[in-house]
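J.: Given only the sequences and the hints, what does the whole structure look like? Please build it.
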Amino acid sequence: MTQFNALMGGLFILTAFGIVGLRQILGSLRLFVAQSLLLAASAFILGATHASVHLFVVAGIVLVVKAFFIPWLLYRVLSHELHAKREIEQALDVTTSLLLAAGLTVIAYFLVNPLLIAASDPFIRINLPVGMAGVLLGAYAVAVRREALPQLLGILTMENGAFFAGISIASDLPLLTELAAAFDVLIIAVVVGLLTRRIHKQVGTTLVGVMARLKEE
Amino acid sequence: MALFVILLIPLLVAGLSMIPTKNAKVSARATILGAATVFVLSLFLALGTAPGKQVGVPAFTSWFSTDGLSLLVLLLVSFVGFTASLFSLGYVGRTVPENHQDRIRRYYRRFNLFLLSMLAVPLLSQIAMVWIAVELTTLLSVFLVGFENTPESLEAAWKYVVLTCMGAALALMGVLILYWGLFISGGGEFTWSLLKTASPKIPPVFLTTAFILFLVGFGTKAGLVPLHTWLPDAHSQAPSPICALLSGVETTTALYVILRFLPMVSGSPESALSTWLLVFGLISVGVSAFLLIQVKDYKRLFAYSTIEHMGIILVAAGLSSGTGYAGAVYLILAHALTKSFCFFSAGATLLVTKTREISSVRGLIRLSPVTGSSLMIGGLAIAGAPPFAVFLGEFSIIRAGLAQGQYGVIGALAFFIGIAFCGIMYQVNRMVFGKVSNPGEQLPLPMSCAATLIVAAVPVLLLGLFVPDSLYDLLRLAALSLGR
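Here the protein sequences come in this chain order: A and B. For the first sequence, the positions run 1 to 217 when this note's numbering is used. For the second sequence, the positions run 1001 to 1484 when this note's numbering is used.
Hint data in this document are derived by calculation from the structure and do not stem from the laboratory. All values reported here derive from a predicted model rather than from experimental measurement. Just so you know, even glycine gets a beta-carbon here, dropped at the ideal spot from N, CA and C. Accuracy of the hints is not assured; some may be wrong.
To be clear about the criterion: a stretch of chain A counts as covered by chain B if any three or more of its residues have a C-beta under 8 Å from a C-beta of chain B, and this derived list gives those stretches [unchecked claim]: (1) 138–147; (2) 157–169; (3) 182–194.
T.: Pasting the structure below:
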């Protein structure tokens, strides 16, 4: 079981790398779906090992909200974006940004290393560093991507990363909190999606990285 | 029960604003009435508090409870919420065309939901729920920031939501690690009060990691440098009553969460963590002071001053002494009241002159005596001139620092405060006095806006000279709840 979970963790990081570097918007969204499925799978494995109904419920929430509802919503709201036949604008070229992303993954392991001493559970040793790497890679994607939807996917990757760590280290948070957190992620997707559409309508572009009207002279 | 009622009222009014009536004045009046009721309830709660007395909801104490600090924040949010609702009546009535009643209703619905999320932050005691409430304050105010629907306001809204959501995800990591630490040390309810008692048993490395994630994550929301870039944009592009809420109390609620952490870490590895606070605070004060000098837009001027004040409060908290905490708490009070007043005056200036540029506004006091004099009072008060409350707060922080021998920190702090003072006063002076350059046709200030200026001016003018006993007790309790 531990090994299977490690596989999920490895694939999870891989999807986060894809969110940083993939050039097609629709492909990025599909990667996000895959990432959410991996998160649900990991929650399921942990739930099976610890015999925790709670984690099964979390896996279910993730499946419904993140792997199905959010992508469907973005697909509905931003279909013109998703089918645009162009490459995503980046602040850095893909090779450099993937190299930096690899560096960030290493940093994530170093950041959580002092905490792992206290970890008795083998799952934490995988989920916490992978989750932290997901958070950092998501933040990096927001910084390096210049378009609206890829930036949103960066934020959602950060949340997924935090959840990936959370299912191992905070597995018995009250269920109400988990529900509220899932609801919160949903609102992020709705709000940012609608805002993107409005920007597209008013400004005529979703290249949010080049919007720079507001600054000091 | 009062806590539930406080949260229920904005929710009801938000629901009411969705009913399609012919005239949106109904939702405006309901909002004012609701916010006033919330303020009165909060006032009774806050001034009736006593040491060790916890106001909670029976059977829900592990979810909702309050102490000195949270009651202070609640009081400030509800007061600014009330004045902002009053200002909205005139401001929105003037800026949104008559035939767009549905837009006005949408504004009030969002206004109430935003107010609800901010009221929830101090009332909730489960840390995970507090995180969600802070995140909701962002998400429910995004479309208020972008309300004017111009390219500029949409850009501001975008930067606002992206950066603060990034911060929130980091903070979530901090919340989870904190929960893990609590679980290792024996577990229990994940509330502020339990963490305070359990913190000596939690391994220090957990507290340190969680604290730094909190500081960076919620610090983004409070506008700490270097993650402040969204703040001047959002706080200048939103409609003025929303600016008053954003700048006056939304930043305070984010800072409140960081300050809540202090009692847990003021144990063993104290020195290192308070250095973090001092460094972050000083950088914020310094950078914002120098950015203040070169602004061209008077709403951005006040926005940078918010970053400056957040930095000063952080420095005061970093002194980690009783007197430092007292200064921090007093400055929180002074900042929220004064900054909201400043944004009301800025909004009135915008209504009178229809421009945001400092260089196009001259001789405001001749154009509109009420607006001109309130901008002058606001400028003096926020820059920290005696005898206003901000001055007293800054002075007590500087004195606390000197008493502890932190000469380097306090020297730098005083220098930056001096620069910011000159920056604000130079610009405000040029706007208020001088020769009127373009005496075009002037619209008089709406009645409700003038009324708001008068209501909001009362605490600004009085607080530096006189603090009522019950408010003094509340401040003392709030400062106590910062220490261990």
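J.: If a hint holds in the structure, say so; if it doesn't, say that too.
T.: Results for each hint:
{"no.": "1", "hint": "138–147", "verdict": "holds (count 3)"}
{"no.": "2", "hint": "157–169", "verdict": "holds (count 7)"}
{"no.": "3", "hint": "182–194", "verdict": "holds (count 6)"}
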